[in-house]
Amino acid sequence: MRKIILSWIVCFSMLGFTLAQHTVTGKVVSAEDGNPLPGVAILEQGTTNGTITNLDGDYTLKVSSPNASLVFSFVGMETQTIPIEGKTRIDVTLKPSAVGLEEVVVTALGIKRQERALGYAMSSITAKDITKVGSTNVGSALYGKAAGVRISTAPGGATSAVTINIRGINSISFGSQPLIVVDGVPIRNGESNNNGYWGDPRIRGNGLIDINPEDIESVSILKGASASALYGSEAGNGVVLITTKSGRGGQKGLGVDFNMTYTQEKVAFTPKYQNEYGPGYDRVTNMVAFGADEDGWLWEDLNGDGVKETPRPIYRAYGQFGPKFDGRQVIGWDGKMHPYVAQPDNYKDFYRTGLSGIYNIAVTQNSDKSNFRLSYTRTDYKGIQIGGNHYKNSFNLNGQIKVGDRITTDLVVNYIDQFTHNRPEQINRLTCNYGGFFSRFDDMSWYFDKYKTSKGYKYDMYNASQTPTPDEKLKYHIRAYDLMDFMWRQLENSYDEYSDRLIGSLTTTVDLYKGIKFRGRVATDYTSGYEQTKNRNERPLALARSGYFSQNNSVYSIVYGDALFLYDGKLTNDFTLTLNAGVTGRKESYRYSGVGTNGGLSVEDWFHINASVNTPNGWTGYTDLIKYAYLGTVGLGFRNYLFIEATGRQEASSTLPPKSNSFFYPSINGSFIYSDALKLPSWVDYGKIRVSWGIVGNAPQQYAANNAYNQGSLNGIVYNSLPSNYGNDQIKPETKHEFEVGIENKFFKNRLGFEITYYNSTIKDQILWLTIPSTVGFNQMLTNIGELNNTGWEFGFYGSPVRTRDIEWQLRTNFGFNHNKVVKLMEGMDFLTHSNIDAGAALIISKPGETMGDIMCYVPARDAQGRMIVDDNGLYKIDFSEMKKVGNVIPKIVGGIGSTLTYKNFLLDFTIDYRFGGDIISLTNYYAKGAGMWEETLKYRDAEHGGLSYYVDASDKLIRYDGATGPNGEKVYHDGIILPGVKADGTPNDIVVDAPNYYLNTFTWGANPAWGIPNSRYDQAVFENSYVKFRELSVGYTLPSSLTSKIGCNRLTISLIGRNLFFLYKTIPHLDPEVTIGSYWVNSAIESGTNAATRSFGFSVRANF
Amino acid sequence: MKRIVLIAMIALVTTLNGCRQSELEELYPDPGKTSKATVENFFTGVLQAPINYVMMHYWRLFVVESPTLGHYTQVLGWVNSEKQYIPDASALNDRWKNFYTGPMVQYRELQKLYEESSEVDKADKRIFMLAATIFFYDQTEQIVDMWGDIPWSEAGKLKTNLGDLNKSLPKYDKGEEIYTAMLDDLKNIADELADISVPAFYQNLFKAQDFLNDGDLTLWKKYCNSLRLRMLMRVSGVPSFQSRVQSEVAAILGNPSKYPVVDNNNENIMVDAKAPNLTTYDNPDPGWRITDGFETWGMYNLAPKAIIDHMVTNGDPRLPAMFDPNVNGDYVGVDPLENSADQNTKISNGLMARYDTATFSRNNFYPGWVITAAEVSFLKAEAYLKYSLGDAKAAYETGVKQSIELYYKINSTGTFRAPLASPDPADIDAYLQQPGVSWDANTDKLNLIGTQKWLNTGISQMPQTWAELRRLNKPLLQFMVDSGSDQPNPPVRFVLPDTEKKLNSENYKAVQSTDNLKTKVFWDID
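Here the protein sequences line up with chains A and B, keeping their order.
Residues in the first sequence are numbered consecutively from 1, following the working numbering.
Residues in the second sequence are numbered consecutively from 1, following the working numbering.
What the hints contain is simulated information worked out from the structure, not anything from laboratory work.
Errors might be hidden in some of the hints.
For lysine-lysine, the following DSS-like pairs were computed, each having C-alpha atoms within a straight-line distance of at most 27 Å [to be verified]:
id, chain 1, residue 1, chain 2, residue 2
1, B, K33, A, K847
2, A, K659, B, K112
3, B, K83, A, K885
4, A, K659, B, K159
5, B, K33, B, K174
6, A, K824, B, K509
7, B, K112, A, K847
8, B, K501, A, K659
9, B, K83, A, K877
10, A, K847, B, K502
11, A, K732, B, K122
12, A, K824, B, K167
13, B, K520, B, K83
14, A, K877, B, K346
15, A, K764, B, K36
16, B, K33, A, K659
17, A, K885, B, K502
18, B, K502, A, K764
19, B, K97, A, K847
20, B, K346, A, K732
21, A, K884, B, K167
22, A, K884, B, K520
23, A, K884, B, K346
24, A, K957, B, K346
25, A, K983, A, K884
26, A, K824, B, K112
27, A, K821, B, K509
28, B, K122, A, K824
What follows is a set of in silico ranges between Cβ atoms, one per label pair, in the way DEER data are often shown [stated by the list, open to error]:
id, chain 1, residue 1, chain 2, residue 2, range
29, B, S22, A, Y1065, 52 to 62 Å
30, A, F831, B, L162, 26 to 36 Å
31, B, N473, A, G969, 52 to 62 Å
32, B, Q434, A, G969, 45 to 55 Å
33, A, D417, B, D272, 45 to 55 Å
For every residue, glycine included, the Cβ atom is placed at its ideal position computed from N, Cα and C.
All chains should be modelled from the sequences, with the hints used to inform the complete structure.
The following block contains the structure:
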């Protein structure tokens, strides 16, 4: 703080008179070719006073004292500090920095290694990339930034989970999320939303999103088995190492950072609705089932004169094939008169504008003996979905104290306090359920007005017999009751989640003897959660029991410790040796208990367990696991250009059967810096070849292998039974054996670089619930049986196409191809079913020998010539004899492009990410098409949209006819279709079907002739899900230091930021490609109504004092 | 210094190793499950295991039985479709799986726990074992009746064999062998039960655990002998069983004090639909809701023409208790010989009668039928008729009255509408005199018995309805022939699940040639 005050004084005094007493001029040239270097930064050491060289490499700088020093820095060159010593001219020759030579990186278990010695691929992302566009969590800041890493953010905003897939899918049935390690401590992350809407209607978060992006220094992604082998059975899906910011290495003394980001979120990529037709079905249904007239109008007698004079459409219809919008006055279901017009924006109006504010202040202190960084971040968030809000307070302390010459102690504490009110609910009930389909005529404000009565109870249906507010009943039977129920849940009920999370570690490093160090660490990740549910009474107590209250407490804790002996030294002049050995252990426990009312609340809106009508329900439980391992590494280096390292981990885990709970995970890797070993052209800065091999694992789910009895109670009678699945006392972890080879190069003083990696991993002993003949007494048995293979290429390129004094343009791109194959499954079984959609209408399966995740469904029958066969009803006949493959869910390519353009103090940065290949089942698209919601369903509805003309003959057959009236004076309609194809007898199809029937019956729920659904086409619910998204944009301006220094500020940057801006390309219609939720790989291929996607704009201010 | 390092390392490793290995073992089992179980708790486990197929459970009706058995027995009105006589394999597989992972494996575990008990405990807890065995045989009988030859004597032993799958793959037993074994055993159980004495403490324990007969030993005796009667009559046409059937039936019916059977509706072997867990309408578990079993799609409660015609023609008093009339107030059933378009038109115009809302689809207390007095009376009537052991007419008419009484009793448990008044005895008598019912007016007495069996177990016990229809072929039902299909008529047996074909293939070979929809079950000879 003192420094700030001082700076202020300095600034103010500068206004009056100049303090500069000395001027230095000079020229900066390159050591390589002697040419002048433009754009070199020159700074008076310890101040913010600086300048840069001009095109000729010349500079002039007024300095405060002739005894100061000047710091010369330039990208790709070694920084030089030169004391002025009273000179007025200082010419400098800058040498190219030995690129990558001395870079030290943090690898598994926090062991630091020279970058050049790594024999495997590792992607690193720096703080700047994580915070530049104000992502509320670290996960969604990683889009497109690491090759072979696929990020998916669940829609729902800051409280929704982010899933990360590294190098494809590595487990058929278990988790696919990487291990997250923060400052050396494995933290709770967890799977989310894997049980569909009915399993949990709310869009959940995971542990990763609690980590505050503002506190992150860097993120390293360990992709292959060799890189992560020291984490053993935890690392089957890769490891994400997060290092938080510390006070180390910064300026001496006290520093203050202030950052704020404010963004507005708006609903984006909304469906293209048709706005020409209102609610109703096909002509016959409208007339026969609803008593409407031929055009779909129902007529009401409002004035009681016995004449039905007022029209209205069929509000009960989920279909949108009713009367055409013509602006006439109709009686609404809310009892008011409205013009009959479309509501083009009613879907958008269901949402609101979201806001996100992130405010961070950090203080750093740095001295020779100690350093620390203390940071506080406040996040306020309100998503686009009605009802919810969220805040988070994050504290981060990262400190280091040196005790004497030999002992260093590091303390890192992250404390996160958060509150979430009514986190978003999936909109499954609105888009994948006919009971929530609001019509093109419905004004969203009608629902907001009507979902609650004036007395605060839930709406009454048109036929409610008892209600305190009979005048407020809905006037007619409508369709979207589920929409009003949704509003009631989100706006009237309350589901509050409070959590306090502490992630802390204490590390002590002792220099023992000649390069031997001991490092001991204890750490914890402790979350205490409290949830409270308050469901209001929906009806007066006199009429019905309703309302609910519950509270639930939970504690999740990880206690972690490791102890390592580290040695780094020289054997001879040519050889270096690295030896590490130690132990690591972890205990995880989860405790929960809760209580809830039973039979409603006895006093209206009294939210306490004492309000329970019947004996309250209680629940409680606990789980525990421990793991520990001995581990060691041996590394050998030769002349600093050839390295080889071997690692081993012997691990024991309580999730494995006691008889065989210990496994060994080895790895070996090597790197060769051929640019040092061989004589290469001078433009080659750096060249490395690396090779590695390793084994990591994926442990079975906790308690899955254990065989024990279920206990149940039937009306108070206790009984035992065996579960229908048999565990396995012989189970082993799944093991991933991965070989990897790569090359890294840097050219032209680091203006161009690339990295290419090839990997081939086989995941053996896949743990599957093997289907067994149930005659042995069980349906499934836990077994190590399947085998998967993933091969792939990863590419990373970067370059600076333009680099002048004023302009620098950097481009980065990366992409990864992954090819997945199921090598084997279980003997005797042709395929494994992962998901069954709409009662068997479609399946997601895996077959041996093919890529996992085939989408199967029944498809239209074809004759010998491949022509589609049309049923007697004019719709395509579906072949129900067997399912056909209609897609595969696994993406083929993921990648990203980043660009940073600096012009003087301006910066323009954007990130594009993309994904190609991989199909999705989109049920929202499918049902909405059947309901006639989408723009494309206008096709065939009338003559101008390509409908054929026909009349209806005496036997109710539709006869193609172009005259004005039929041969016997029948009315001629213009919404006919003759589907291309042949009839059962092989002659060309000439059967006319009307458009509403075509849509209603072709794109409808279920596929089963026995249920009267013989023509549905689930192949039409399958879409390729490729996209290229303009993910992030930031335009920044750094105020000139001459200006900012006046307020004591070293650096002040103001940026305009945008996230999820637009798509350059996408294949799924009407929706965002990332609309799915759930961390299990199958779930990401089934879209069943989650939440709308968003686009955000805002600004950020980042200041350093 | 080197030494300190070494010592520290050794200390660390040994302490970690020592204290952790025991903790690893301790934390391996799921704390939410138990490793301890008792004979009495497993007895209840055996009764509970097939509960979804005892009670009128949504899944049982909608998925498994109504589209297959309900259709083939014409206890439901059904819309014709192509390939309608090829049953949906996945639905039936579910029934199959439930038997083996349900009663079968639970009974195996009970056997194991019982065998591991001390001799004293065995004697004290004998009743649990006997009762469980009766119930398990009842379940087995249903599976044999649907599939014929099944794995049985070696089945359900994966756990017994400590997870050795290859050793546990069971062979197929012939249906007649299974029946023989069960009949032998049930005779022994009947004899043992006849003079069993259960210590008071264990009698109370049994009463506490027995949700089927509430610990009533007499009911268990009646259940045992009634089940024997059912099984004996079912195999009564098989030559190799004929002499046995005659003598055993005579022994049972001739000695009611030693071998009592279910004689009246108060003695029905049924699971009462009690709150909170066994109710069928507002059950907390939505999978239970009888409403969805009948009313979903508006398809699974349609009245069948054959039953409606019988009831209307003969003035069956059960009609108003069992069916709701159509929109015009008439009782009309779906005609199986009509084409589907005409059927559908009538259905969508509300012209079809449907199963009664109050008695069936919205009845919270529809009981789970196991053996009813009416069924026993009809078995008696058939036995008397066949072996001249007693008054067949009286037994037949008693059965009809018991069935009428039962449906009205069930109707009275419903709360959807006010219960119907019990039918006037005069109406019942009048019904008994109708041409389609009268014992004296008909020469084909077996047809009368068969028809009443069909009306009685009807939709409430579809497996029994189907078995007796196949055995007796009475009443003779008319079906639309699906000439384009490999299976133009209703099947007479179900095919084995894929898991057997593919995963128990060695043993499956023995039954492969008979594993089709056309091979009759061994007792189905005509």
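Taking the hints in turn, this is what the structure says about them:
1. B:K33 <-> A:K847: Between K33 of chain B and K847 of chain A the Cα gap is close to 34 Å, so the pair fails against 27 Å, i.e. violated.
2. A:K659 <-> B:K112: Holds: K659 of chain A and K112 of chain B sit about 24 Å apart, inside 27 Å.
3. B:K83 <-> A:K885: Status holds; Cα separation ~23 Å.
4. A:K659 <-> B:K159: 18 Å, holds
5. B:K33 <-> B:K174: Violated, because 37 Å separates the two Cα atoms, which is more than 27 Å.
6. A:K824 <-> B:K509: 25 Å, holds
7. B:K112 <-> A:K847: 39 Å, violated
8. B:K501 <-> A:K659: 34 Å, violated
9. B:K83 <-> A:K877: Since the Cα atoms of K83 of chain B and K877 of chain A sit roughly 15 Å apart, the hinted pair holds (cutoff 27 Å).
10. A:K847 <-> B:K502: Judged against 27 Å, a Cα distance of about 16 Å means the pair holds.
11. A:K732 <-> B:K122: Not satisfied, since the Cα-Cα distance of roughly 39 Å exceeds 27 Å.
12. A:K824 <-> B:K167: 23 Å, holds
13. B:K520 <-> B:K83: With a Cα-Cα distance of about 20 Å, the restraint between K520 of chain B and K83 of chain B holds, given a limit of 27 Å.
14. A:K877 <-> B:K346: 24 Å, holds
15. A:K764 <-> B:K36: 35 Å, violated
16. B:K33 <-> A:K659: With a Cα-Cα distance of about 20 Å, the restraint between K33 of chain B and K659 of chain A holds, given a limit of 27 Å.
17. A:K885 <-> B:K502: 22 Å, holds
18. B:K502 <-> A:K764: The hint holds at about 24 Å.
19. B:K97 <-> A:K847: 24 Å, holds
20. B:K346 <-> A:K732: Given that 27 Å is the threshold and the Cα spacing comes to 60 Å, the pair is violated.
21. A:K884 <-> B:K167: 36 Å, violated
22. A:K884 <-> B:K520: 34 Å, violated
23. A:K884 <-> B:K346: Measuring from Cα to Cα gives roughly 35 Å; hence the hint is violated.
24. A:K957 <-> B:K346: Within the cut-off at roughly 19 Å; holds.
25. A:K983 <-> A:K884: 22 Å, holds
26. A:K824 <-> B:K112: Violated, because 36 Å separates the two Cα atoms, which is more than 27 Å.
27. A:K821 <-> B:K509: 33 Å, violated
28. B:K122 <-> A:K824: 48 Å, violated
29. B:S22 <-> A:Y1065: 52 to 62 Å: 59 Å, holds
30. A:F831 <-> B:L162: 26 to 36 Å: 29 Å, holds
31. B:N473 <-> A:G969: 52 to 62 Å: Taking Cβ atoms as reference, N473 of chain B and G969 of chain A lie about 56 Å apart, which means the hint holds.
32. B:Q434 <-> A:G969: 45 to 55 Å: 54 Å, holds
33. A:D417 <-> B:D272: 45 to 55 Å: Between D417 of chain A and D272 of chain B, where Cβ atoms are some 53 Å apart, the hint holds.
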